[in-house]
Amino acid sequence: MLRDITLGQYYQTDSILHRLDARVKIIGTFWFIISIFLINRVSGYLVAAAFLALVIKLSHVPFRYMIKGLKSIMILLMITFAFNIFLTPGEILVQFGPLHVSREGLVLALKMAVRLILLIIGSSLMTLTTTPNNLTDGLEKIFNPLKVLHVPVHEVAMMMSIALRFIPILIDETDKIMKAQMARGADFESGSLMKRAVSLGALLEPLFISAFQRANDLAMAMEARCYRGGEGRTKMKPLIYQKKDYLAFLVIYGYLVVCVLIGRVLPLPF
Amino acid sequence: MSLILDHVTYEYGSDTELAVKALDNIELVIDDNEFLGLIGHTGSGKSTLVQHLNGLLKPTSGHIYFNGRDIHENDFDRRALRGEVGLVFQYPEHQLFELTVFKDVCFGPKNMGMKPEQCEVAAYEALEAVGLDEELYDQSPLDLSGGQKRRVAIAGVLAMHPKVLVLDEPTAGLDPKGRDEILDLVKELKKNLGMTIVLVSHSMDDVAEYADKIVVMDRGKIIYHDTPKNVFAHAKELEAMGLGVPQVTSVMKSLADAGIDVPQDITTVDEAADVLAALCK
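Residue numbers (this note's numbering), protein chains in the order written: chain A, 1 to 270; chain B, 1 to 281.
Keep in mind the hints are simulated off the structure, nothing from the lab. Do not rely on the hints blindly, as some may be mistaken.
[As the list claims (entries may be wrong)] Looking from chain B toward chain A, a few residues come up when the C-beta cut is under 10 angstroms (computed):
#1 Val85
#2 Val88
#3 Gly113
#4 Glu117
#5 Ser250
Every residue gets a Cβ at the ideal spot worked out from N, C-alpha and C, and that includes glycine.
Working from the sequences, and respecting the hints, build out all of it.
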């Protein structure tokens, strides 16, 4: 059940996308997100969706697997949709009591929903194809210039990589404790609110205890290996741009130009 | 009162490239008042199998029957089943959460819908059965030692009055004394309360000493299902699976190889002691 959450998880397989430098994927994702908010026409969304479809195809990650991860944020999507559709003033199409659906609201709601879906799939594609280690290496390198301003880039990257590393561990742990409590008759899915709250305590308390325990162990292990932050630290596999990375940058910027031209600038009918 | 697994197959991650068959066409009948030892290498599917016994996992294909009823029928009460088939997980001390030991043991019976007084009686009896000092009942479970925590966790399952008790590696991480105490406790439970016991372990010595029948699993399949003596006659095959035989059995074999006339089907220390005593006369 909890294993179904694919958001932020890495999917192990081999593809051109997996082999790209992490920096390319981070910067690419950044520009993709920007592009989604720049466009404001159906044609633009079509271009973005087509680009995303192509990248998904290249990633060798099964589409079904990605969609499974989307389910968990369905609720968020619905709430945004509901707010937009009911609370936008404009030319009224349907009226239910105090609520009304306006033409502008409908358009806005659909637009936001499409944007959110593209955004989530786009960014989860980055985490699906990049190991947490590579991801933080990439981020560290990208933000390296900020060190001049005394921003603790390495430390922040390290914290991020640890946080990411702990996600699957904590999910596993939650699954385990949940099952152990279910074996003792706990019910997490039905029953009154009060009863479920009690069951949730039976899950969260052991989870917190074990999380702190793990954090403590990890700190000890780092200490034992003389970890002292980023100063003077070298990498075993430093990130170096290859030919395919430059090519990927070309594709991304090409997409950006095309997308903005079609979705915003050019005088198209839709 | 029996548990029947009929062609049970279970796959992890069935829609990814990494689909793994954790259980492959398992057929198993667990009879009343049986002490079944379940052994296998890490990753052989033992833990997956036991999670099917109380309906925590649903087989990808196949059926599980408890007292003649399919436990995944829509109107089957799986919560009540979890009271009947008590499952103690690996490292069960990780599930303790209440403020006191006593309250924690009450959690199970409370979920089973017992009245508060009944819960307390059940908790008291269970804690007594696992032999925990009465002065510890009001302590926080987090302040206990590893062995004590494990007893509390086992009591937490016992308090639901299960008919079948399934223990997944109950001796993992315990010292030899703690291990003997837990295994003796399990044996007592079977004798005194007439429970059916399923004991999962990767230690041959644990199961040889206590089990009536042994199931050997390898890569999701049942390889042997027989009495300890018959199973441990397959020493070579077991070693090929990375399992081996109990230490006394291999000692007896070494003695026989050295030309001393001893029987080869010894699986427990007591039997070996008798044979050697007779030999010394």
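Consistency of the hints with the structure:
Interface restraint check for Val85 (chain B): the shortest CB-CB distance to chain A comes to about 9 angstroms, inside 10 angstroms, so the restraint holds. Look at Val88 (chain B): its Cβ gets to within about 8 angstroms of chain A, closer than 10 angstroms, so that hint holds up. With 10 angstroms as the threshold, the beta carbon of Gly113 (chain B) comes within range of chain A, its nearest partner Cβ sitting at about 8 angstroms, so the hint holds. Interface restraint check for Glu117 (chain B): the shortest CB-CB distance to chain A comes to about 18 angstroms, outside 10 angstroms, so the restraint is violated.
Contact between Ser250 (chain B) and chain A, as hinted, is not supported at the beta carbon level, the nearest pair being about 35 angstroms apart and thus beyond 10 angstroms.
Of the hints listed earlier, those the structure fails to meet are numbers 4, 5, in rising order.
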